[in-house]
Each structure stands twice: as C-alpha cells, then as structure tokens.
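*Asks:* Here are the chains, one letter per residue:
Protein chains: 2
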Amino acid sequence: MNLPSVRSLAEQARRARTKLALSSDAARRRLLEAIAEALCASAPTILAANEDDLIAASSRGMSEAMLDRSRLDRRRLDGVVEDLRRVAKLPDPLAAQEAVRVLPNGLRIHRRRVPLGVIGVIYEARPNVTVDVAGLALRSGNAVILRGGSETLATNRALIAAIHEGLRGEGFEAALVAFVDRSDRESVEELISLEGLVDLLIPRGGESLQRLCRERSRIPVLTGGIGICHLYVHPSADLERALAVIENAKTQRPTVCNALDTLLVDRMVSAGFLPRVVERLGALGVRFRADPQAQELLGGIPGVEPAGPGDFDREWLSLVLGLKVVDGIDEALAHIARHGSGHSDGILAEDREAIARFLAEVDSAAVYANASTRFTDGGEFGLGAEVAVSTERIHARGPVGLEGLTTYKWVVEGEYHCRR
Amino acid sequence: MNLPSVRSLAEQARRARTKLALSSDAARRRLLEAIAEALCASAPTILAANEDDLIAASSRGMSEAMLDRSRLDRRRLDGVVEDLRRVAKLPDPLAAQEAVRVLPNGLRIHRRRVPLGVIGVIYEARPNVTVDVAGLALRSGNAVILRGGSETLATNRALIAAIHEGLRGEGFEAALVAFVDRSDRESVEELISLEGLVDLLIPRGGESLQRLCRERSRIPVLTGGIGICHLYVHPSADLERALAVIENAKTQRPTVCNALDTLLVDRMVSAGFLPRVVERLGALGVRFRADPQAQELLGGIPGVEPAGPGDFDREWLSLVLGLKVVDGIDEALAHIARHGSGHSDGILAEDREAIARFLAEVDSAAVYANASTRFTDGGEFGLGAEVAVSTERIHARGPVGLEGLTTYKWVVEGEYHCRR
Numbered sequence: 001m002n003l004p005s006v007r008s009l010a011e012q013a014r015r016a017r018t019k020l021a022l023s024s025d026a027a028r029r030r031l032l033e034a035i036a037e038a039l040c041a042s043a044p045t046i047l048a049a050n051e052d053d054l055i056a057a058s059s060r061g062m063s064e065a066m067l068d069r070s071r072l073d074r075r076r077l078d079g080v081v082e083d084l085r086r087v088a089k090l091p092d093p094l095a096a097q098e099a100v101r102v103l104p105n106g107l108r109i110h111r112r113r114v115p116l117g118v119i120g121v122i123y124e125a126r127p128n129v130t131v132d133v134a135g136l137a138l139r140s141g142n143a144v145i146l147r148g149g150s151e152t153l154a155t156n157r158a159l160i161a162a163i164h165e166g167l168r169g170e171g172f173e174a175a176l177v178a179f180v181d182r183s184d185r186e187s188v189e190e191l192i193s194l195e196g197l198v199d200l201l202i203p204r205g206g207e208s209l210q211r212l213c214r215e216r217s218r219i220p221v222l223t224g225g226i227g228i229c230h231l232y233v234h235p236s237a238d239l240e241r242a243l244a245v246i247e248n249a250k251t252q253r254p255t256v257c258n259a260l261d262t263l264l265v266d267r268m269v270s271a272g273f274l275p276r277v278v279e280r281l282g283a284l285g286v287r288f289r290a291d292p293q294a295q296e297l298l299g300g301i302p303g304v305e306p307a308g309p310g311d312f313d314r315e316w317l318s319l320v321l322g323l324k325v326v327d328g329i330d331e332a333l334a335h336i337a338r339h340g341s342g343h344s345d346g347i348l349a350e351d352r353e354a355i356a357r358f359l360a361e362v363d364s365a366a367v368y369a370n371a372s373t374r375f376t377d378g379g380e381f382g383l384g385a386e387v388a389v390s391t392e393r394i395h396a397r398g399p400v401g402l403e404g405l406t407t408y409k410w411v412v413e414g415e416y417h418c419r420r
Numbered sequence: 001m002n003l004p005s006v007r008s009l010a011e012q013a014r015r016a017r018t019k020l021a022l023s024s025d026a027a028r029r030r031l032l033e034a035i036a037e038a039l040c041a042s043a044p045t046i047l048a049a050n051e052d053d054l055i056a057a058s059s060r061g062m063s064e065a066m067l068d069r070s071r072l073d074r075r076r077l078d079g080v081v082e083d084l085r086r087v088a089k090l091p092d093p094l095a096a097q098e099a100v101r102v103l104p105n106g107l108r109i110h111r112r113r114v115p116l117g118v119i120g121v122i123y124e125a126r127p128n129v130t131v132d133v134a135g136l137a138l139r140s141g142n143a144v145i146l147r148g149g150s151e152t153l154a155t156n157r158a159l160i161a162a163i164h165e166g167l168r169g170e171g172f173e174a175a176l177v178a179f180v181d182r183s184d185r186e187s188v189e190e191l192i193s194l195e196g197l198v199d200l201l202i203p204r205g206g207e208s209l210q211r212l213c214r215e216r217s218r219i220p221v222l223t224g225g226i227g228i229c230h231l232y233v234h235p236s237a238d239l240e241r242a243l244a245v246i247e248n249a250k251t252q253r254p255t256v257c258n259a260l261d262t263l264l265v266d267r268m269v270s271a272g273f274l275p276r277v278v279e280r281l282g283a284l285g286v287r288f289r290a291d292p293q294a295q296e297l298l299g300g301i302p303g304v305e306p307a308g309p310g311d312f313d314r315e316w317l318s319l320v321l322g323l324k325v326v327d328g329i330d331e332a333l334a335h336i337a338r339h340g341s342g343h344s345d346g347i348l349a350e351d352r353e354a355i356a357r358f359l360a361e362v363d364s365a366a367v368y369a370n371a372s373t374r375f376t377d378g379g380e381f382g383l384g385a386e387v388a389v390s391t392e393r394i395h396a397r398g399p400v401g402l403e404g405l406t407t408y409k410w411v412v413e414g415e416y417h418c419r420r
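Protein chains in written order, with my numbering: chain B, 1 to 420; chain Z, 1 to 420.
This is chain B alone, in the form it adopts within the complex (with noise of 0.2 Å):
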C-alpha cells in the first residue's frame, strides 16, 4: 500500500480547516454527534481490533499495565463516546468577543476567538487519545494529525474511519482529522519538521519525545504531563481528613502525572502523623522513601527506606511516596520550588493565612487546598476533556480543553480611519 506523506496529510488538512473553521456552532455540534453516532454502530469493529492489538501486543510480552492501558472494552467506547457528547454540548469555543471597545478616534475594535490551525499530536498506547483529541479539535474549528503508538494501530484505524464517516456524513472532508499510518519514528521527524504546515506539536509521551519535539522542531510545543506533586501537612490541618487525602493522592491512580509523589510533614505534627501515614497508605501497598528527619521517626518499619540522592527529584508513576519533614510553611515552599516541576501541589490546612500564602506563592498549574492533587484533569475541571496536562507557561496551563486550542485575532473597524 502506497501510504500519502505526512507532509501531504498535513497539506491536505490546512486546505480543509477553512470550512470548518467558518463552520456554525451549529454545524460543529452536529458534527461531533455524527462522530459519537459512527463510533457505536462502529462498536464491534473497534473492538474486534483492539483485541487483534492486544493479542499481538500481548505475545511481544507487553506488560500487564501497558495492555491495560491499551485495552478498549465496551464500558470504555461508552465512556469515550460519552465524552465526545459532552464536548458537543460545551459553549461555542469560538464565540468570544473579547476586549470589544470604541477608542478615542472612533475606531472600533475586538478581539474575536478563532482556532489555532492544525494541531500535531504524537501520543502513546490509550486509544481514547484519538477520540479526545479528535472531538476537541473539530468542536474548536483545528484539523489535527494524529501519530499514534504502535501498540494500537489497528484500534486507531477502527477509530479514524469512524471519524471520518462522521466527518464526511456532514458534509466535511475526512482529511481533517489526519492519521499517520505508520508508528515508524521517520514520521515523528517528518511531522515535527512542517513548520508552516502545523500550528502546534502536542507531544503526549515520555520525556525524550517531548525533549525531541522541543530541541529539532521549530513548531511551538506544548508539553505536560511530568508531575512531581506535593501535598503539605500544615499544623492546624484536621489529620484524619488529610489521611484520606493523601491516600488518595497517592493510591486511587498511582500511574498517572497527578498521583502524589513528595508528602511534606510539617514538624509540629510529624511525630504523631507520619507513623499513621505509613501504617495506612503502607497497608495499600505504598512503600516510602524518608529523609533522614522522617526516617529517625520510621526508621525499622518495612516498607520504610532513606531516600536516596534524587529521591525527591522524581515522578513515581507507582505505590512509592517520599516523606520529608519540613520546618514550617517557609521551607515547603523552598521544597517544591527547588523539586516540584510545576504541575500540581497542595495544603492541606485550616489556617486561612496559610492556605492564602500556600495558594499565591507556589507558581504551579494547579494549586490545592483541601483537596486531592489528582484532580488536575480537563473532565474534573469541566472543560469536557483535555488534550493534554500542560506544564507550559505561555499559552495554556494545567488541563487544556477547548479555550487552549484557540488563539484571537483583532478585529478593528473604521471609517476610513488614518493615522497621525
């Protein structure tokens, strides 16, 4: 099979964005519920393929979580489908009228919200990825190409021509929604080398692709999805609710950029508090790396080892948390500046001083009191869902949804206005 380039996928997308980009709300909405509509009657195929992906995946020795995260079942197609439904019916992303003014000469002037363009994105195994992205970018007036993992090729290619029979069932061209047919790594250089042809690289992947992404291209990068996140124990916070919170900061998706990997103990209450950290998060399976201050509380509990150089330097993505007393507010906000890499860090406090003070000074994405780190998350926060957690600060921050992949143009009307 003569497979097209990436270059003319992308081609052909910039030449069809332009309708859809003029597209009515209207138009939009129906077209995403044309793609929800194709993907259930779709259903068995879909399916049918990701069992061919898992099998095959499977007999490489694929690991347990690895298929886990690869596997599409009916629950999941219905929970896809349904988030596409959902992100039909969110407000028009495309509506705002932003900074609208008459100046002083009399012009007048607008900014009006319009889409990015053509949106890359280069993702890993979790097929939902194709529908999420898909359904953000077409409800935002973007076409998008999509470069899939190898593990769920055959699951994409169900999914995609689901798409595209929702796409071409309303009147727009399939070619909107681009799929890289190949998980060869020439077509992640040549996708990453179209810049004119793409507005803006989504690297959804471990940290070399995004370093890749940033270092050879010269398209703008959005990356995310690296969280080392903390929560801190304040003196004046209500320790048995704060268990519950830790708990599941840590356990409820240990796996995900969200999961809690750094618990900061403030040494007014780390005698009494830490022992109960340990015997009930220890108890779900979390082991624990301790600075030595923790450590002379815990030391010879098992589960409990001195965290090593760089301990408190990493993102988990398992049922490990490192401990750490601290001295006060002062130094856990000198901790997750110097270790944090910006995505989601929390108080758990009542001290409303604190929790302010917590809230301003600690520059992440996401900044919590009283609550679980892991709910940094488009679909938590009501966007719908996200096309990526973005560690970024210029552009979009923290979950992106809708409003991330569109950008202003000014509109500025006149009377035949002249400068002087």
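Wrong hints could be hidden among the right ones.
The list treats identical chains as one, so a pair stands whether inside a single copy or across any two.
[What the hints assert, rightly or not] Simulated pairs of lysine to any residue, SDA-like, Cα-Cα distance not exceeding 25 Å:
| id | residue 1 | residue 2 |
| --- | --- | --- |
| 1 | 19 | 352 |
| 2 | 89 | 25 |
| 3 | 19 | 330 |
| 4 | 19 | 327 |
| 5 | 19 | 54 |
| 6 | 89 | 111 |
| 7 | 89 | 104 |
| 8 | 19 | 301 |
| 9 | 89 | 5 |
| 10 | 19 | 285 |
| 11 | 89 | 327 |
| 12 | 19 | 331 |
| 13 | 89 | 330 |
| 14 | 19 | 243 |
| 15 | 89 | 101 |
| 16 | 89 | 420 |
| 17 | 89 | 29 |
| 18 | 89 | 174 |
| 19 | 19 | 170 |
| 20 | 89 | 33 |
Hint data in this document are derived by calculation from the structure and do not stem from the laboratory.
Please arrange chain Z on chain B, whose structure you already have, making use of the hints.
*Replies:* Frame of chain B; chain Z shown alone:
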C-alpha cells in the same frame, strides 16, 4: 571590569522576581512612577550618553535612518516617560480571577493571573524599547533581561541606571531589570541557552535573529514584527476616502512592519482607480511594482515597473508599493492567504457582506475594515505600549502588552476532597 555572566544575571533575576510577583497593584504602580521620576532626574546624563552614542555611530558611518532610530532627544525621552506613566495607570494585569465556579462536587475553582516569570528581550537600536519593555515587565510582575544593540550601549547604561535607582528607591532589587552590558554575539547565545531560568524569549530584530532563537533555543519564543501587509479595494469602497487610507498606510511611516506592502484593487474599479493611486502616492515619492494587469493600465508611467518574482512576498520597509488587480474578493482572499505574513490586512468597502467575509476569512493578527494598517500598535490599541507585535498563533497575537506577559494558575479549594 569583570562583568557578570548572563547566567548569573538570570539567576539573580529569578530570585528577585518572587517579591515583585507577590507585590500589590499599588506597589507596582508606585514603582513605575518612581522609575519615571528617576528618568526625568537623569535626563541630562541620558541625553549626553545618547549624544556620545550618536557621535561614535556616525563616525562608524551609520546611515541617517539608523541614526534617527537611535536618537533620544528631550522630546522623545519625555514621550518615553509619558508612556511609562500611562502603563503605571493601566488596570492591574494580575487582578483578574477567571472562570470562577463551584464544581458539582463542591470544589471551588478559579484561574488566577500570574506573571510569566523572567523574560529575555533581544533588540537593536531604538532606546525607547529599554524603558517600554522594563515598564511592561515590572507592571505585570515579571523580571526581565535586556540585551540591547551596540549602537546605543551608553544610552542604555544611563537608562538602566535610572531604572535601577527607581527599583532600589521602592525597596526592590535592581536585578529585576538585568542588563547584558555587552554587545557580542556570545551574550545572545548564552541568553538563549538559559532554559529553566528564562521563561520567554522576545527577539525584536531581523529574521536572522528570530531564526537563531527558534532553531537554537528550547525556550519558548515570541517573534513578530515582520509584516507583509495588504489592503484590498472592493468595488463598493468610497474611492476618494480609500485613497487617503492607502496613502496613510504606505507613507505615514514606511520603515515599520505595519506599513502597507501590497495594494489589491478589484478589477471592477481598477481602470479608474489605479492611475489615481499612482498619481497621488507617486507625488510623495512612492515607486510601484505592478502585476501584468496593473502594468497594462499603468505602463509607461514613471515610477511604475513590472513586479519581479517574489515582489509580492516582500516586506518593503520603504516607499515601494506592490500593485495587483484581482478578480473579486475570492482572488483577494487567496492572494493574502498565500502571500501574507499574518500581520495586518484590510478591506476598503461599503458592502457589509464583503466586509464581514473579509474580517472572518483573513487569518491575520489584525484585520481591518476601512482603516489604515498602521494602527496595529500597542499604544494605538489602548495597551499602553507593547513588547512586540506577535505574528505567533499561540500565547499572544498582534500587539503584546501587559496581558501577554502573564499566565494563569488554577486555584482549587476543597473540604478534603478526594477523587472517585
């Protein structure tokens, strides 16, 4: 003299920025007022330093145009100080609380505007940039590293001394406005390598500087300032008034990025209108590059020559104007999509439908109906000043003022909320 490395300047700026970021609106306003006063008090020193710069530059054979760009006389310095005071009075860019809501589970969530961090700006000549950029950065809570051109090194030193006096007088560290007191290429290369210390690079210079930043730096880059600007004369335009706008866009200041480069005239009116354009603008010294159809109408008129290959892809920055006859709005839109740089483009028309279509379909940072492209400017748009005119699609587009120097963080407050 042993100058500090650019890295150590950035480290100091990074440490100093937290206090500024957390300071009140009133404190940041007072800071800008104090700098304005220091600049006034140091005016004789600053103007003398500029005199030295100009004498040195002139003896090196600098062109009169460049000398004029580098000149800071009393009137211009007063203008710079006035702009700074205007920025001081703008609403606090860090006050906004966006997307405030209570989620169904009771979590209280909002987005809080925060400074970007440390901004690196590389620029040439125009000494007003030093004060404009420092003022916008400080007003929005950012530290800044300035690397100006060699032509105005003495002027910049004097300006920076006054800025530092203002900072110290208000209890802030001088390190917040770091000045790279070198004009070698190595200092640029060091600055753009400081990933993790510098949050955003703004290269305000030619294409080669912009390319250097984009290719060599892993820091996000905000580029702009290259404008291939169009006006399209629709048959419904009031041709007499259109003529005045065209004259203004081309001749009011031909050396800048928002000046007109190509005039597209609808075939319906071209025979009568093009000769009038050539007569009126030709009298002001404008020369013309005509496409074959315009050439047919204008051939033989002095100052008109056939457009060469690539002439419609050039930013003229001088009294040259491309002329092209187009077959209706479709051809005008297609020409702009193909040849424009996404900076500033306008339509001259009375027909509401044509205007609406042009404003919707032209995908540029600023789109105009019946006004000169020369208005694309932070001051003219009411932003007080600008750090750049962005032709990026991400983060900030068009004139970038205070808002473009901020990002946001998500603030989430709960009652020991756990995710299900």
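*Asks:* Run every hint past the structure and note whether it holds.
*Replies:* We went through each hint and held it up to the structure:
In this assembly of identical chains, the alpha carbons of residue 19 and residue 352 lie at most 25 Å apart only when taken from different copies (21 Å versus 51 Å within one copy). In this assembly of identical chains, the alpha carbons of residue 89 and residue 25 lie at most 25 Å apart only when taken from the same copy (10 Å versus 39 Å across copies). In this assembly of identical chains, the alpha carbons of residue 19 and residue 330 lie at most 25 Å apart only when taken from different copies (14 Å versus 54 Å within one copy). Proximity of residue 19 to residue 327 under the C-alpha cut-off of 25 Å is restricted to the inter-copy arrangement: shortest distance 21 Å between copies versus 59 Å within a copy.
Proximity of residue 19 and residue 54 under a CA criterion of 25 Å is satisfied in neither setting, with 38 Å inside one chain copy and 53 Å between copies. When the C-alpha separation of residue 89 and residue 111 is checked against a cutoff of 25 Å, the pair qualifies both within a copy, at 24 Å, and between copies, at 22 Å. When the C-alpha separation of residue 89 and residue 104 is checked against a cutoff of 25 Å, the pair qualifies only between copies, where the shortest distance is 17 Å, while the shortest distance within a copy is 39 Å. Proximity of residue 19 and residue 301 under a CA criterion of 25 Å is satisfied in neither setting, with 64 Å inside one chain copy and 42 Å between copies.
For the homomeric pair residue 89 and residue 5, neither the shortest alpha-carbon distance inside one copy (35 Å) nor that between copies (54 Å) is at most 25 Å. Taking CA atoms no more than 25 Å apart as the test, residue 19 paired with residue 285 passes in neither setting, with 53 Å inside one copy and 42 Å between copies. Taking the shortest alpha-carbon separations for residue 89 and residue 327, neither the intra-copy value of 48 Å nor the inter-copy value of 41 Å comes in at or below 25 Å. For the homomeric pair residue 19 and residue 331, the shortest alpha-carbon distance between copies (17 Å) is at most 25 Å, but the shortest distance inside one copy (54 Å) is not.
Taking the shortest alpha-carbon separations for residue 89 and residue 330, neither the intra-copy value of 44 Å nor the inter-copy value of 34 Å comes in at or below 25 Å. For the homomeric pair residue 19 and residue 243, neither the shortest alpha-carbon distance inside one copy (53 Å) nor that between copies (33 Å) is at most 25 Å. Only between protomers do residue 89 and residue 101 lie at most 25 Å apart by alpha-carbon distance; the minimum there is 18 Å, versus 30 Å within a single protomer. Taking the closest pair of Cα atoms, residue 89 and residue 420 come within 25 Å of each other only across two copies (24 Å); inside a single copy the shortest separation is 47 Å, beyond that limit.
In this homomeric assembly, residue 89 and residue 29 come within 25 Å of each other (Cα to Cα) only inside a single copy, at 7 Å, whereas the closest approach across copies is 43 Å. Taking the shortest alpha-carbon separations for residue 89 and residue 174, only the intra-copy value of 22 Å comes in at or below 25 Å, while the best inter-copy value is 51 Å. In this assembly of identical chains, the alpha carbons of residue 19 and residue 170 lie at most 25 Å apart only when taken from the same copy (12 Å versus 54 Å across copies). When the C-alpha separation of residue 89 and residue 33 is checked against a cutoff of 25 Å, the pair qualifies only within one copy, where the shortest distance is 9 Å, while the shortest distance between copies is 48 Å.
Consistency with the previously given hints fails for numbers 5, 8, 9, 10, 11, 13 and 14, ordered from lowest to highest.
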